[in-house]
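Quick mapping for you: the protein sequence lines, in order, are chains B and P. Numbering follows the working numbering, in which position 19 of the first sequence is assigned residue number 20; successive positions increment by one, without gaps. Numbering follows the working numbering, in which position 103 of the second sequence is assigned residue number 340; successive positions increment by one, without gaps.
Since the hints were derived computationally from the structure, they do not count as laboratory data. Everything numeric in this text was worked out from a predicted model, so none of it was measured. Among the hints, erroneous ones may be present.
Far from chain B, some chain P residues (derived; all Cβ distances over 10 angstroms) [claimed, not checked]:
| hint | residue |
| --- | --- |
| 1 | R277 |
| 2 | P311 |
| 3 | P328 |
| 4 | F329 |
| 5 | F331 |
| 6 | E355 |
| 7 | A370 |
| 8 | L407 |
| 9 | E429 |
Pairs of lysine-lysine residues, derived as PhoX-like cross-links and limited to a Cα-Cα distance of at most 25 angstroms, are as follows [unchecked claim]:
| hint | chain 1 | residue 1 | chain 2 | residue 2 |
| --- | --- | --- | --- | --- |
| 10 | P | K385 | P | K283 |
| 11 | B | K52 | B | K40 |
| 12 | B | K68 | B | K52 |
| 13 | B | K52 | B | K162 |
| 14 | B | K231 | B | K40 |
| 15 | B | K162 | P | K385 |
| 16 | B | K142 | P | K416 |
| 17 | B | K142 | B | K122 |
| 18 | P | K283 | B | K155 |
| 19 | P | K283 | P | K416 |
| 20 | B | K68 | P | K255 |
| 21 | B | K68 | B | K142 |
Each residue gets a CB set at the ideal place from its N, CA and C atoms; glycine is no exception.
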Amino acid sequence: MHIVSQFAERLLIFICLFAAGQTAHAGEKITIAAASDLKFALDEIVVLFEKAHPADRVEVIYGSSGKFQTQIRQGAPFDLYFSADIAYPRKLKEEGFAASEVQPYALGRIVLWSSELDAAKMTLADLADPSIRKIAIANPKHAPYGKRAEEALKAAGVWDKVEVRLVYGENIAQTAQFVQSGNVQIGIIALSLALNPALAKRGGHALIPDHLHQPLEQGFIITRRAAANKLAQAFAGFMAGSEAREIMSRYGFVLPGKVE
Amino acid sequence: MDSAFSSADLSAIWITFKLAVVVTIILLLVGTPIAWWLARTRSWWKGPVGAVVALPIVLPPTVIGFYLLVAMGPSGPLGAITQAMGIGLLPFTFAGLVVASVFYSLPFVVQPLQNAFEAIPERALETAATLRASARDTFFSVALPLAKPGLLTATVLGFAHTVGEFGVVLMIGGNIPDKTRVVSVQIYDHVEAMEYVSAHWLSAGMVVFAFIVLLALYTLNPTGRRRS
């Protein structure tokens, strides 16, 4: 028993020290839920933002836009929500879960990407080739990039020929990972992911013409819980600034002409 | 009522059932010799082998999913074997799910069997030997019948655990309708698409299924009866 109480005592001291350490860091912290196509671009933006706000911390959780919409409705602790489909934050705004206007921040583009085939020279019509055994897209049911991929395949007239060979990623990042690991020969992923250096050096990509699908209009909101959060407001403002816009366009996002 | 499950739901239920049946059969064939060896051996290897078999209980499904994805991929050892055999690659196929589930559910079959085999009195096996029963004969006529409750537990747990799989399937399944889309993944998709009614039907079905399975197990196989 002596050992137990000694251990408890040490644990208590440790917790106190830890808590003291936490309060010494007087800054604020915000948590962002972001569509996984933003993975590399937003990581860079956050680094810049934290440089400008050295006392504060920004935490980003990447996943599928549909999942985050459900989670925010159920009270998830996210201060900002970046969705690959602007319809999701608009819906949340209508239902009173937003503390800001819905801000359009980019148009996304989809590309054919492969780590083994020369995808740069391919078009959607080439996917009809039966020697391509598996093709990865994001799940059209809840991932915006998956919906657009399905629309484009249908518009290109190859849907019937590829449907049985499709593999569905839970979000666009998992879809890219299916291709990157070599388990699937080719996939339709976000341009922003294909431009990431790690993926760009492996195989090429071909932009899918944007008239084949509905626009991938993306938008963000500050959530209701962060209504009075200065740091969340600051981050929203930073997204409209030139530094953030430069990073976004480097990752292939088409920027809205004017961001309020 | 007939709108409770969509055809996609029914397909997911069928895939799940088929997967669990195939995996349970394979696990009983593979797990029984392993459990027998673990129960009888005095080898130094008993500890390490037992620990390897139990790993999936402790490891997160993501670890198993990640390593299987890499191992079964084009540059992994399993992928090299399956490609050389002309089967192609296993991820995103039903066969791939079977392989993954066999790994994942192995301890749930081996451990009850091992416990049952260990509970068989040494004397019963010695008596069989003095009656000149061969080792094989002893196993099938004496050990296996005495281990029947363990066999039942192993079968039910192996089946139920495979039905309950999610993380591994999400990572290596690719969510393909009629091939790798199982009930747990279908529920996840319903929730993400905010189709709560469909999610409720499937989820409630799973709760009822799990309860009935466990109730049957505990009723047919009360613990302690055989150990006395």
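Comparing the hints with the structure gives:
Residue placement check: R277(P) keeps its beta carbon more than 10 angstroms from all beta carbons of chain B (closest about 39 angstroms). Not every beta carbon of chain B lies more than 10 angstroms from that of P311(P), the smallest distance being close to 4 angstroms; the non-interface claim is violated. With a cut of 10 angstroms on Cβ distances, P328(P) falls inside the contact zone with chain B, its closest approach being about 4 angstroms. Not every C-beta of chain B lies more than 10 angstroms from that of F329(P), the closest at about 5 angstroms, which undercuts listing it as non-interface.
Residue-level check passed: F331(P) sits 13 angstroms from the nearest beta carbon of chain B, beyond 10 angstroms. Against the 10 angstroms criterion, E355(P) stays outside the reach of chain B, whose nearest CB is about 33 angstroms from its own CB. Against chain B, the non-interface label of A370(P) holds: every CB pair exceeds 10 angstroms, the least being about 50 angstroms. For L407(P), the non-interface assignment is contradicted: its Cβ lies about 6 angstroms from the closest Cβ of chain B, within the 10 angstroms cut-off.
For E429(P), the requirement that its beta carbon stay farther than 10 angstroms from each beta carbon of chain B is not met, with the minimum near 4 angstroms. At roughly 23 angstroms between alpha-carbon atoms, K385(P) and K283(P) fall within 25 angstroms of each other, so this suggested pair holds. For the given pair, K52(B) sits about 19 angstroms from K40(B) by alpha-carbon distance, which is consistent with the 25 angstroms threshold. About 30 angstroms separates the Cα atoms of K68(B) and K52(B), which puts this hinted pair outside 25 angstroms; it is violated.
For the suggested pair K52(B) and K162(B), the alpha carbons sit about 50 angstroms apart, so the restraint of at most 25 angstroms is broken. Distance restraint check for K231(B) and K40(B): the Cα-Cα separation of roughly 24 angstroms lies within the 25 angstroms cut-off, and the hinted pair is therefore satisfied. This hinted pair does not check out: K162(B) and K385(P) have alpha carbons roughly 51 angstroms apart, beyond 25 angstroms. Distance hint between K142(B) and K416(P) is fulfilled; the C-alpha atoms sit about 17 angstroms from each other, no more than 25 angstroms.
Using a Cα cut-off of 25 angstroms, the hinted pair K142(B) and K122(B) is violated, with the two alpha carbons roughly 29 angstroms apart. Restraint check for K283(P) and K155(B): the C-alpha separation of about 57 angstroms exceeds 25 angstroms, so the hint is violated. With a CA separation close to 38 angstroms, the supplied pair K283(P) and K416(P) exceeds the 25 angstroms bound. Between K68(B) and K255(P) the alpha-carbon distance is near 29 angstroms, which puts this suggested pair outside the 25 angstroms criterion.
For the hint linking K68(B) to K142(B), the alpha-carbon distance of about 11 angstroms falls within 25 angstroms, and the restraint holds.
Of the numbered hints given earlier, the model fails hints 2, 3, 4, 8, 9, 12, 13, 15, 17, 18, 19, 20; all others are met.
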